[in-house]
Amino acid sequence: MKSSFVSLRTAAAASAASAMFVMTVLTGVAQQPPAPGAQQPPAPGAPAAPGAPGAPGGGGQARGGGRGPAVDQLAAGPWEYGGGRGVRYRVTAYVRNLDTPWGIAFLPNGDLLVTERPGRLRVVRNGVLDPTPIAGVPESNGVGLGGMLDVALHPQYAQNKYIYLAYSKKNPDATKCPMPNNCSATLAVARAKYDGGGSLTDVKDIIVTQGWAGGPNSARGVGPQTGSFGSRLAFDSAGFLYVTSGDRNIPEISQDKQSHNGKILRLKDDGSVPPDNPFVKDKAYLPEIYTLGHRNPLGLYFRANGELWSTEEGPQGGDELNLIKAGKNYGWPEVGLGRHYTGETMNKGFSAPGYEDPVVYWVPAIANSGLSWYNGDKFPAWKDQAFVGGMRNNTGQYIVRVTFNEKGLPTGRENMLADLRQRIREVKPGPDGLIYVLTDTNPGHILRIEPIEGGQAPAGGGPGGGAGRRGGGAAQ
26 MKSSFVSLRT AAAASAASAM FVMTVLTGVA QQPPAPGAQQ PPAPGAPAAP GAPGAPGGGG
86 QARGGGRGPA VDQLAAGPWE YGGGRGVRYR VTAYVRNLDT PWGIAFLPNG DLLVTERPGR
146 LRVVRNGVLD PTPIAGVPES NGVGLGGMLD VALHPQYAQN KYIYLAYSKK NPDATKCPMP
206 NNCSATLAVA RAKYDGGGSL TDVKDIIVTQ GWAGGPNSAR GVGPQTGSFG SRLAFDSAGF
266 LYVTSGDRNI PEISQDKQSH NGKILRLKDD GSVPPDNPFV KDKAYLPEIY TLGHRNPLGL
326 YFRANGELWS TEEGPQGGDE LNLIKAGKNY GWPEVGLGRH YTGETMNKGF SAPGYEDPVV
386 YWVPAIANSG LSWYNGDKFP AWKDQAFVGG MRNNTGQYIV RVTFNEKGLP TGRENMLADL
446 RQRIREVKPG PDGLIYVLTD TNPGHILRIE PIEGGQAPAG GGPGGGAGRR GGGAAQ
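Residue numbers (this note's numbering): 26 to 501.
These are calculated hints, taken from the structure and not from any lab test.
Keep in mind the model is a prediction, meaning the values are calculated, not measured.
Positions of the beta carbon are idealized from the N, C-alpha and C atoms, including for glycine.
Be careful, since some hints might not be right.
Only pairs whose alpha carbons sit at most 25 Å apart, straight line, appear in this in silico DSS-like list of lysine-lysine [as the list claims (entries may be wrong)]: (1) Lys186 x Lys218; (2) Lys350 x Lys432; (3) Lys282 x Lys186; (4) Lys373 x Lys353; (5) Lys306 x Lys373.
Restraint ranges, calculated between C-beta atoms of paired labels, are given here [to be verified]: (6) Asn330 x Gly352: 14 to 24 Å; (7) Ala101 x Gly352: 46 to 56 Å; (8) Asp261 x Asp230: 15 to 25 Å; (9) Arg150 x Glu369: 46 to 56 Å; (10) Asn207 x Lys293: 30 to 40 Å; (11) Asp220 x Arg364: 11 to 21 Å; (12) Asn207 x Arg364: 29 to 39 Å; (13) Lys308 x Asp261: 19 to 29 Å; (14) Ala101 x Pro456: 23 to 33 Å; (15) Pro103 x Pro133: 26 to 36 Å; (16) Lys229 x Asp402: 34 to 44 Å; (17) Thr367 x Asn400: 18 to 28 Å; (18) Gly221 x Asn330: 42 to 52 Å; (19) Ser224 x Ala183: 16 to 26 Å.
Assemble the whole structure, with the sequences as input and the hints as a guide.
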């Protein structure tokens, strides 16, 4: 059976109703998450519920997750989903035994590059994980939410072999690193050449953000070194690179025009500043800033129509899906639907003049992470739909497919794979039209979503609502 509910706005948010959309959630039985706070036993053969003995760490982004003992909680699979007017699809564990995978990029020859947050870059060839990490990656500060983060290819990779790595960089000042796990750090993006072999060459930081914990920005309260880094990478059609940067758990820094933290940055492919950046002529701002007022933007993706979109974690409630526009302020910590960890509401409520409202929001929060828009041919009914990863125990840990109508307006959402009880760090369509999913655990996995032959619903059909058939001996 299908269940649905409508997220209603609070009275304080009523004035913003015309700018945003109330979303209906369509959820199959197999994808139904447990009630908040409930501790439910897993089905036979299913992975243990997060927080149960032997289960990986759950919770939202602040929990980190995936750094405990390497105990695989994912059954063998495959799993099948869909039915009725929905799309029937199969999910397989394409690659296993990664350590907290964070970012993924698809090479022209079909190989995959995958980052592991403890500080490694791995390659998958013909569905097989190379046991030896790629050498030459920059040293990262793999503590808390830091480490090796996103990976992206240059739009002309086939010609120039450039790849880009976002990572938390240790402070080169030895006095800022008294112990290996207590180093000052900031977000950096490195460019390197990778020819498909076992090592990177020509590795160079193209930007080291102004956001050192305990560094020159400490007077403005920057830190901690383990806090929210953001760190997604995306190229536009003109070859400009966009970088998300988190607030490092200091909310006020997101409104600081002289800090890169809590911002989305726009760079040339060599790290220099494009001359048409929105604040390039305003000395009050750092010239790399494209937008400001972000908390922890963990998803970044270009829609087929050229629009840039980002997912952003709120604090207690109020996760967002935002349409990113040059020079705009997205409000953190001044406005938002969630509450600060002190229990106080946002200073100006949900909406206020001068701030951009989210297009879609989640209450309760799902600890949203990776974001993509599907434009492949394997799932025609999913074309131009957004896919968002969730990581929060009880109210997240699934993929959300956000549906949009012909006018480009959001109309509903479907929760996918919730019965697998995995933190979803990233979800991204491959050049083969299939969808690849990273689970934020140790061991972590690359899941692959593929259509079941003859199971494709007609284009424009409603979201799937059937229960999943779980592989590996698991009961429905």
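So, going through the hints one by one against the coordinates:
As the CA atoms of Lys186 and Lys218 are separated by approximately 5 Å, the hinted pair is consistent with the 25 Å bound. About 19 Å separates the Cα atoms of Lys350 and Lys432, which keeps this hinted pair within 25 Å; it holds. The straight-line distance between the Cα atoms of Lys282 and Lys186 is roughly 34 Å, outside the 25 Å bound, and the hint therefore fails. In summary, the hint linking Lys373 to Lys353 is supported, as the alpha carbons are separated by about 17 Å, within the 25 Å threshold.
For the hint linking Lys306 to Lys373, the alpha-carbon distance of about 29 Å lies beyond 25 Å, and the restraint is violated. Here the CB-CB span from Asn330 to Gly352 is close to 20 Å, well matched to the stated 14 to 24 Å. Taken as a hint, the range 46 to 56 Å holds for the pair Ala101 and Gly352, whose Cβ atoms sit roughly 50 Å apart. Between Asp261 and Asp230, the C-beta spacing of about 21 Å keeps the proposed range 15 to 25 Å intact.
At about 51 Å, the beta-carbon gap between Arg150 and Glu369 stays in the expected band of 46 to 56 Å. A hinted range of 30 to 40 Å holds for the C-beta pair Asn207 and Lys293, which are about 35 Å apart. At roughly 49 Å, the beta carbons of Asp220 and Arg364 sit outside the given window of 11 to 21 Å. Our hint of 29 to 39 Å for Asn207 and Arg364 holds, since their Cβ atoms are close to 31 Å apart.
Between Lys308 and Asp261 the beta carbon distance is about 26 Å. The supplied range of 19 to 29 Å therefore holds. The supplied range of 23 to 33 Å is met by Ala101 and Pro456, whose beta-carbon atoms lie about 27 Å from each other. Between Pro103 and Pro133 the beta carbon distance is about 27 Å. The supplied range of 26 to 36 Å therefore holds. For Lys229 paired with Asp402, a C-beta distance near 37 Å keeps the hint of 34 to 44 Å intact.
Evaluation of the 18 to 28 Å hint for Thr367 and Asn400 yields a failure: the beta carbon distance comes to about 42 Å. The given range of 42 to 52 Å is broken by Gly221 and Asn330, whose C-beta atoms sit roughly 33 Å from each other. Taking 16 to 26 Å as the suggested C-beta distance range, the pair Ser224 and Ala183 conforms, at roughly 19 Å.
Against the hints set out earlier in the document, violations occur for numbers 3, 5, 11, 17, 18.
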